[in-house]
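Number of protein chains: 2
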Amino acid sequence: MSRLDIIRIDSSGRKNCQDEVSDEIPLTIHLDGKELLTLLCSPDSLKEFSAGFLYSAGIIKSINDIGTITIDSQKWISHVELKNKTDTQKLMFKRMYTSGCGRGVLFYNTLDLLHRRKVNSNLKIHSDKITELMASFQNSSAAFKQTGGVHSCALSDGEDILIFKEDIGRHNALDKAIGAALFKDLDMRKLIILTSGRVSSEIVLKVSKTRSPFLISRSAPTDQAVKLSGDLNLTLVGFVRGERMNVYTGQERIIHE
Amino acid sequence: MSRLDIIRIDSSGRKNCQDEVSDEIPLTIHLDGKELLTLLCSPDSLKEFSAGFLYSAGIIKSINDIGTITIDSQKWISHVELKNKTDTQKLMFKRMYTSGCGRGVLFYNTLDLLHRRKVNSNLKIHSDKITELMASFQNSSAAFKQTGGVHSCALSDGEDILIFKEDIGRHNALDKAIGAALFKDLDMRKLIILTSGRVSSEIVLKVSKTRSPFLISRSAPTDQAVKLSGDLNLTLVGFVRGERMNVYTGQERIIHE
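Each protein sequence line maps, in turn, to chains A and B. Its first residue numbered 106, the first sequence is counted upward by one per residue in the working numbering. Its first residue numbered 106, the second sequence is counted upward by one per residue in the working numbering.
Because the hints were derived from the structure by calculation, they are not lab data. Don't take every hint at face value.
Copies of the same chain look alike in the list, so a pair counts if it fits in one copy or across any two.
[As the list claims (entries may be wrong)] Taking lysine to aspartate or glutamate and the DMTMM-like style, the derived pairs with C-alpha atoms no more than 20 Å apart in a straight line are:
1) Lys139 with Glu125
2) Lys314 with Asp177
3) Lys180 with Glu237
4) Lys120 with Glu362
5) Lys120 with Asp233
6) Lys190 with Glu140
All chains, full assembly: derive it from the sequences and hints.
Here it is, written out as structure tokens:
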């Protein structure tokens, strides 16, 4: 966070004061020595972010695919060396010509989706637990309280919050959480994903890669996010506010009595 | 918007009901017959979105560069024909190798920014007017009230809201508003931009292309957004809530007594 001199205007008048704003940096990922792309993000958890991004993008399948990640925090470069050298040129090509990629998602394609198997999990969670986890999730976000300018994402085992990440972008926060799970060797098929952000089809796509059966959001989903969640047999819960929540898909995993 | 069957859980129990969610479509832009990219967006104002996106991306300089835009709403393709054929291959190349591009912004580069002139405008606005415009802006958002899942962007002449656009993405909403201004031949150097969304450096970059001197947000900016706004002599106001607001840069354009 940075402190800045600002002018605050309210009904009592105009005054000079200081305000906290979120930091934003351009992180360039170099894969096996070649520049892959630049992402604007918050300057923390950059190793996790790099790993999570590469995982979400389908470039790595597990943390074992990564040799080293070195962060140059002068130039904001993440140097990633894979154990088996990848054909960066080919990835670039794919990135360029892939149809169906959105602004937030490069590398994805439709075939990728068709090959995806449905979530096959009999994990369940009580709705009271969702209420409780979301309250704890929101209390964790000190940066949001101070700056109002970040999204957060957490992973929970249904009891506790195991991983909590923040970023100026909701895609980035999810990638950081996924990356942290990779480093900690957590089995995401047993974890619940909590997000502060709106849920688009891109977010669902990213979640489905992790095989996590639960996506719980404080905000709204789009129609395509709901459709895709249904197709993938994912439990999608939105608008969790106090004791209220909307269960869009996969209601059989939610206990309520 | 789509109506969906959902389960709503609250303190009174669990019930089946219907809920409205925002629609999301993948719009593929074809430029002079060649596929440029696919953007996920809300399915309205697609001509404006196409024009605004191409303008923000620096591919067109004015609406006069566009020959025709035809929207295929079966396949969600926007067929754009320019008056002077562009080298799409070259654009692709630029898109691929441009450093400094973030997830939300393709095509931009740093040189582009260095060549940008500072905003040179002596327009002023009273803080009471900002409060008033923001209230009217928020009341305009019927979709947000119903779905909670969209961002909005408006253009105002300081008195009225002239253009109001919504989208599932805050970048898209801005591009739609810019596109609408291009079609209406409005001089954006005299307009105020209002946004519901957080302000990153990418948003400021997009605004600076329009030469509009005012960017007013309900939400928070990042440190880089504030820095860039300062460098560009743009007036950046954030957290406009009721009569309160934070003026980050360009305070000389805000009247308050």
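Here is what the structure says about each hint:
For a Cα distance limit of 20 Å, the shortest separation of Lys139 from Glu125 qualifies neither inside one copy, at 36 Å, nor across copies, at 45 Å. For a Cα distance limit of 20 Å, the shortest separation of Lys314 from Asp177 qualifies neither inside one copy, at 28 Å, nor across copies, at 31 Å. Taking the shortest Cα distances, Lys180 and Glu237 never come within 20 Å of each other, neither inside one copy (41 Å) nor across copies (43 Å). With identical chains, the CA atoms of Lys120 and Glu362 are at most 20 Å apart between copies only, with a shortest distance of 12 Å across copies and 52 Å within one.
Taking the shortest Cα distances, Lys120 and Asp233 sit within 20 Å of each other only across copies (16 Å), while inside one copy they are farther apart (44 Å). In this assembly of identical chains, Lys190 and Glu140 lie within 20 Å of each other by CA distance solely inside one copy; the values are 14 Å within and 30 Å between copies.
Comparing the model with each numbered hint stated earlier shows that hints 1, 2 and 3 do not hold.
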